[in-house]
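So you can see what is in the structure, the chains are spelled out below.
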Amino acid sequence: MAFESINEFISMGTHGPYVWSVYGISLILLFGSYLSSVKAKKNQIKRLKQRYLREQKS
Amino acid sequence: MTYLSFFNSEVLAIFRRKQDAVNALVFFLLVITLFPLGVSPSKEFLQPAAGGIIWCAVALAILMSVEGMFKEDYNDGSLEQLVVSGLYLPVLILLKLVVQWCAVMLPLLILMPILSQMLFINWEILWVLILTLIIGSPALFLIGTIGAALTVSLRRGAVLMLLIILPFYLPVIIFSTGAIGAAQVGQPYNGQLAILAAISLMTLTLSPIMAAVSIKASVN
Amino acid sequence: MHSNLDLSISNLFIERSERVLCENFSCLIKAGEVARIMGENGAGKSTLLKIIAGILQPLEGKILFAGEDISFHRDMLQKHLLYLGHHAGIKSVFSVAENLKWYCPNKDIDAIEEALAIVGLAGYSDSPAHQLSAGQQRRIALARLWLTDKKIWLLDEPFTALDVKGVSVLEGKIKQHTNNGGMVILTTHQSLSDALCVKEIQLVS
Amino acid sequence: MNWIWFHKLGSPKWFFQWANKWSKFAFVIGVLMLSIGIVWGLGFAPADYQQGNSFRIIYIHVPTAILAQSCYLGLGVAGLVSLVWRMKMAPVFIKAVAPLGAVMALIALLSGAIWGKPTWGAWWVWDARLTSVLILFLLYMGVIAIQNSLDDLQLADKAVAVISVVGLINLPIIKYSVEWWNTLHQPATFSVTEAPAMPMAMWLPLLLSTLGMYGFIAAVAMWRMQTEVLIREHRSNWVKKEILDNGI
Chain A
1 MAFESINEFI
11 SMGTHGPYVW
21 SVYGISLILL
31 FGSYLSSVKA
41 KKNQIKRLKQ
51 RYLREQKS
Chain B
59 MTYLSFFNSE
69 VLAIFRRKQD
79 AVNALVFFLL
89 VITLFPLGVS
99 PSKEFLQPAA
109 GGIIWCAVAL
119 AILMSVEGMF
129 KEDYNDGSLE
139 QLVVSGLYLP
149 VLILLKLVVQ
159 WCAVMLPLLI
169 LMPILSQMLF
179 INWEILWVLI
189 LTLIIGSPAL
199 FLIGTIGAAL
209 TVSLRRGAVL
219 MLLIILPFYL
229 PVIIFSTGAI
239 GAAQVGQPYN
249 GQLAILAAIS
259 LMTLTLSPIM
269 AAVSIKASVN
Chain C
279 MHSNLDLSIS
289 NLFIERSERV
299 LCENFSCLIK
309 AGEVARIMGE
319 NGAGKSTLLK
329 IIAGILQPLE
339 GKILFAGEDI
349 SFHRDMLQKH
359 LLYLGHHAGI
369 KSVFSVAENL
379 KWYCPNKDID
389 AIEEALAIVG
399 LAGYSDSPAH
409 QLSAGQQRRI
419 ALARLWLTDK
429 KIWLLDEPFT
439 ALDVKGVSVL
449 EGKIKQHTNN
459 GGMVILTTHQ
469 SLSDALCVKE
479 IQLVS
Chain D
484 MNWIWFHKLG
494 SPKWFFQWAN
504 KWSKFAFVIG
514 VLMLSIGIVW
524 GLGFAPADYQ
534 QGNSFRIIYI
544 HVPTAILAQS
554 CYLGLGVAGL
564 VSLVWRMKMA
574 PVFIKAVAPL
584 GAVMALIALL
594 SGAIWGKPTW
604 GAWWVWDARL
614 TSVLILFLLY
624 MGVIAIQNSL
634 DDLQLADKAV
644 AVISVVGLIN
654 LPIIKYSVEW
664 WNTLHQPATF
674 SVTEAPAMPM
684 AMWLPLLLST
694 LGMYGFIAAV
704 AMWRMQTEVL
714 IREHRSNWVK
724 KEILDNGI
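Residue numbers (the working numbering), protein chains in the order written: chain A, 1 to 58; chain B, 59 to 278; chain C, 279 to 483; chain D, 484 to 731.
It should be emphasised that the hints constitute simulated quantities derived from the structure, not laboratory data. Some hints here could point you the wrong way.
With the C-beta cut set under 10 Å, the calculated list includes, among others, these residues of chain C facing chain D [as the list claims (entries may be wrong)]:
1) S295
2) I348
3) F350
4) V442
For lysine-lysine, the following DSSO-like pairs were computed, each having C-alpha atoms within a straight-line distance of at most 27 Å [unchecked claim]:
5) A/K49 / D/K600
6) D/K658 / A/K46
7) C/K477 / C/K340
8) A/K42 / D/K507
Even for Gly, the Cβ is constructed at its ideal location relative to N, Cα and C.
Build out the structure end to end from the sequences listed, making use of the hints.
As structure tokens, then:
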């Protein structure tokens with residue numbers, strides 16, 4: 001472990017805010033693109049399922 | 059329809075539509091006057107920045123004039139006739155570009171001495187500036203024609219074309235302002251001119267083919 | 279000269295804006311024939327003409343012209359082709375004569391005057407095209423038929439802008455063209471005179 | 484030389500099933516390696532003697548910069564394949580990967596800018612590599628813009644393929660001219676992304692997080708491509724069977 005204690009790990013010797021802001025932004029953006037892609041796929045499947053069921057009924 | 063009759067018709071169309079070339083020129087002058095008014099009219103600012111100002115203005119003016127290149131032909135159906143004419147479309151596009159280049163660039167080059175006085179460019183640098191314009195502007199036209207071909211079917215394609223094509227103008231602007239900067243401090247500038255010529259030649263081979271593919275896809 | 283000009287299309291699959299217009303459509307058209315593409319509105323008649331002309335690419339299918347496969351590169355066919363679509367292809371910035379001079383450079387001014395007279399535009403040769411109505415502009419495009427030496431004509435609704443006299447004049451020209459070895463493929467809503475012995479091609483969707 | 488796999492890859496149906504299997508695998512491997520690499524880089528790797536702990540930003544900046552460029556390379560190749568071999572899956576790849584590449588370029592941009600603050604005291608430095616990442620981001624925006632503004636599908640596919648190929652050919656020229664321009668205007672300072680010779684304890688987590696990022700992006704790209712295939716092929720019956728039978 002390169003740091004002695006947890007709060008030193010958080011502060012990272014005055015560079016903490018920069019490092020954590022970068023990782024925060026990247027986490028948000030990566031998780032956001034993951035979520036939107038998965039949700040887009042699910043919605044499309046749901047939409048097609050409804051369409052096919054409607055077609056079968058008519 | 060033959061290549062010669064197409065070239066004659068393009069020259070005739072440009073003469074009938076002189077206003078488009080004049081618009082590009084006025085737009086160029088407008089962008090030039092922005093900088094002294096917007097930043098500062100002093101010689102200390104304008105002289106070192108002159109190359110960059112002129113080249114940014116030229117890039118934008120060329121984009122504006124190339125943007126509507128195919129629009130009119132698309133709307134009245136003559137673009138469709140070009141695609142069906144059996145002639146080699148990239149060559150037709152190249153001919154159209156030559157006419158467009160002369161219509162926009164020649165008046166610009168004639169205007170350059172006057173402009174250079176407005177931006178305090180001394181005479182040797184003016185010569186380098188004209189050289190970079192002659193060598194670099196074909197690349198701008200050729201890349202611009204790809205953007206024009208891509209956005210021909212859109213009613214408001216101008217902004218989209220700017221967004222797509224401007225990043226590809228950066229190498230030309232970098233090396234031409236680099237050549238002018240080198241000339242201003244007395245260093246040799248033929249290296250930058252050589253790269254500028256290389257970019258122009260490369261786009262000369264690549265762009266007509268790409269523009270032809272885009273036009274064939276847009277005409278339907 | 280009765281060179282081998284036949285055009286054969288085999289199992290063409292055409293799709294236009296998410297709708298399948300026709301599946302494995304095949305036909306063979308020989309030199310000297312007038313082919314009329316039948317089908318109700320929106321069945322893809324114009325689309326088929328555009329595919330033959332090379333403006334559009336079919337998803338599947340082969341097109342042979344004089345024995346050569348031109349499915350991907352139509353310039354072999356386009357060298358002999360004259361296509362008149364919905365757009366007249368007339369530049370409004372030019373005068374009528376300049377428009378025709380541009381399309382048929384090897385014809386001199388009185389041949390152009392004569393062609394204009396036939397389509398009922400005598401005396402318009404110097405007036406700018408933007409002053410003419412859309413119908414008149416279509417007739418300028420039709421005047422090209424009298425000036426061109428291309429063998430294959432693709433005409434999309436050629437009779438729309440014509441009066442009765444004009445229709446018979448155009449039918450006579452088509453007859454004359456196919457007699458000396460030309461080929462005409464057209465779409466129209468009007469009934470054609472049976473002197474033309476039209477070969478009807480039904481677009482099956 | 485059989486081109487079977489090449490044609491197979493071109494058929495949407497085959498790709499859909501192939502992606503079903505491999506996307507989960509790539510996602511799990513990717514996220515695993517990415518998190519190991521980052522935790523290792525953040526917590527256990529030694530700090531840089533010059534820059535201190537702000538150096539740890541490299542474990543996000545470098546992978547995303549590499550991904551941004553390789554995604555654009557992928558776009559260019561797909562554009563070429565689409566223009567030359569007219570393969571149906573190529574435009575699907577471009578439409579799916581372009582936004583991901585743009586996100587990668589954006590993260591690389593932000594991390595590079597924030598990294599510049601403690602190193603040089605300025606939020607934005609016209610450093611050669613940062614500028615070319617900025618231009619790459621603009622190129623992505625161009626590809627996405629043309630994709631969304633052309634509503635005719637066939638035209639949009641062709642236009643996007645053309646722009647990707649033109650972009651691929653111009654990218655090295657832009658990078659070279661920006662590097663040259665940078666040496667002209669910028670005294671040769673420590674370039675923020677120039678990785679000095681690093682001890683293994685530093686570059687191993689970097690390698691891990693880069694590979695992890697590749698896995699993650701590959702998986703998300705496969706899902707996005709599947710969605711696009713479902714949109715485009717919704718009339719074919721293999722899609723109907725796929726959705727109704729095993730209801731994925």
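Comparing the hints with the structure gives:
1. Interface hint at C/S295: satisfied, since its Cβ lies 8 Å from the closest Cβ of chain D, which is below the 10 Å cut-off.
2. The restraint placing C/I348 at the interface with chain D is violated, with a minimum CB-CB distance near 16 Å, outside the 10 Å limit.
3. Using the Cβ-Cβ criterion of 10 Å, the hint placing C/F350 at the interface with chain D is satisfied: the shortest such distance is roughly 9 Å.
4. This hint is violated: C/V442 has a C-beta 39 Å from the nearest C-beta of chain D, more than the 10 Å allowed.
5. Distance check on the hinted pair: A/K49 and D/K600 sit about 51 Å apart at the alpha-carbon level, beyond 27 Å; violated.
6. The straight-line distance between the Cα atoms of D/K658 and A/K46 is roughly 44 Å, outside the 27 Å bound, and the hint therefore fails.
7. For the proposed pair C/K477 and C/K340, the alpha carbon gap of about 21 Å is at most 27 Å, so the pair holds.
8. With a C-alpha separation of about 15 Å, the suggested pair A/K42 and D/K507 falls inside the 27 Å cut-off, and the hint holds.
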